[in-house]
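> Could you build the full structure based on these sequences and the hints that come with them?
Protein chains: 2
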Amino acid sequence: MDAIEAILSRRVQRAFAPTPVESEKLLQIVEAGRHAMSARNLQPWQFIVVQNRERLNEMGGLCITGRFVAECPAAIVVLKDNSNTRWAAVDCAQAVQNMANAGWALGLGTCWVGNFEAQKLGELLGVPVEWSIFTILPFGYPDPAKPPQGKPLKSRREMVHYEMYGNPKPN
Amino acid sequence: MDAIEAILSRRVQRAFAPTPVESEKLLQIVEAGRHAMSARNLQPWQFIVVQNRERLNEMGGLCITGRFVAECPAAIVVLKDNSNTRWAAVDCAQAVQNMANAGWALGLGTCWVGNFEAQKLGELLGVPVEWSIFTILPFGYPDPAKPPQGKPLKSRREMVHYEMYGNPKPN
Numbered sequence: 076m077d078a079i080e081a082i083l084s085r086r087v088q089r090a091f092a093p094t095p096v097e098s099e100k101l102l103q104i105v106e107a108g109r110h111a112m113s114a115r116n117l118q119p120w121q122f123i124v125v126q127n128r129e130r131l132n133e134m135g136g137l138c139i140t141g142r143f144v145a146e147c148p149a150a151i152v153v154l155k156d157n158s159n160t161r162w163a164a165v166d167c168a169q170a171v172q173n174m175a176n177a178g179w180a181l182g183l184g185t186c187w188v189g190n191f192e193a194q195k196l197g198e199l200l201g202v203p204v205e206w207s208i209f210t211i212l213p214f215g216y217p218d219p220a221k222p223p224q225g226k227p228l229k230s231r232r233e234m235v236h237y238e239m240y241g242n243p244k245p246n
Numbered sequence: 076m077d078a079i080e081a082i083l084s085r086r087v088q089r090a091f092a093p094t095p096v097e098s099e100k101l102l103q104i105v106e107a108g109r110h111a112m113s114a115r116n117l118q119p120w121q122f123i124v125v126q127n128r129e130r131l132n133e134m135g136g137l138c139i140t141g142r143f144v145a146e147c148p149a150a151i152v153v154l155k156d157n158s159n160t161r162w163a164a165v166d167c168a169q170a171v172q173n174m175a176n177a178g179w180a181l182g183l184g185t186c187w188v189g190n191f192e193a194q195k196l197g198e199l200l201g202v203p204v205e206w207s208i209f210t211i212l213p214f215g216y217p218d219p220a221k222p223p224q225g226k227p228l229k230s231r232r233e234m235v236h237y238e239m240y241g242n243p244k245p246n
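Quick mapping for you: the protein sequence lines, in order, are chains U and F. Under the numbering used here, the residue at position 27 of the first sequence is numbered 102, and the numbers go up by one with no gaps. Under the numbering used here, the residue at position 69 of the second sequence is numbered 144, and the numbers go up by one with no gaps.
FYI, nobody ran anything at the bench for these hints, they're computed from the structure. Check each hint, because a few of them may be wrong.
Same chains, same label: a pair holds when it works inside one copy or across any pair of copies.
[As the list claims (entries may be wrong)] Calculated pairs, SDA-like style, for lysine to any residue (alpha carbon to alpha carbon, straight line, at most 20 Å):
| no. | residue 1 | residue 2 |
| --- | --- | --- |
| 1 | Lys229 | Asn157 |
| 2 | Lys195 | Leu228 |
| 3 | Lys221 | Leu102 |
| 4 | Lys229 | Asn116 |
None of the values given here were measured: they were computed from a predicted structure.
So this is what it looks like as structure tokens:
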């Protein structure tokens, strides 16, 4: 898929077909995350690829919003370096956007899940104290009965300025 | 350019050819930012497109690191909503990653410039107090004499785990 088409056509997806996700595709998604920008190139992230049905069920049970994680065929958990406090969240977010775009280009949807019982989830996944769980990204093919949601975006006019704030047209 | 190729091949660029950047391409880059993910779809960003030579020079003079902004043919300034403190930075970072990828797919490089005299820059660009300057993204074609830098990445082995933290191989 074309790079710009992937960015513009991506939608949030919360309902997944039961079709398994190819391990090779999950690896391509992780590679996309690994190639994100990061401040001073510190790459303050780690990724846990989860495909075990029982573990995904348990993870879903620990999500406060995003219980649909229990029904996804695969998930990638993004960990954030706790020692790199200034920019780590911003850097991890860039990895997430890259992974969402790469997944979409491979036919897979995802949704940012960030509200969970962090301590229990960390225990389930064996996450050391030097890292915190930044987000869970469930991945799967769209459920044909519940296609990805289009989200209403603010218009370009509401957010683009030229040369100075408040100037809506190119000079 | 293919979506995944754009993500994997992107490099940081700090030296630009003097070739002007087409306004249409800058608009495509802004569109990529507009289509980033954001928490609760709040889209807490604004973009200022700058192509005026004199203004770019002034902006470069206000950058503490990133004075090369003075030599870029165009820049996009990303503003962050100050009223949306929990997730705004993370959301803006996702817009930045999308814009860097889209620019790269269009033949343009960029570099995250985040260290500047914020108050003076805000006055120069007329930024209201409700917004803060998140980053300046200079955009331009590569200077043939200074091609984009490859950055050393940690190996996949150092950051990918399967099912549990510390498990380096798929089960």
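> All the hints need checking, so say for each whether the structure fits it.
So, going through the hints one by one against the coordinates:
no., hint, result
1, Lys229 x Asn157, "between (34 Å within a copy, 18 Å between copies)"
2, Lys195 x Leu228, "neither (35 Å within a copy, 31 Å between copies)"
3, Lys221 x Leu102, "neither (26 Å within a copy, 32 Å between copies)"
4, Lys229 x Asn116, "between (32 Å within a copy, 10 Å between copies)"
Checked against the numbered hints given earlier, this structure breaks hints 2, 3; the rest are met.
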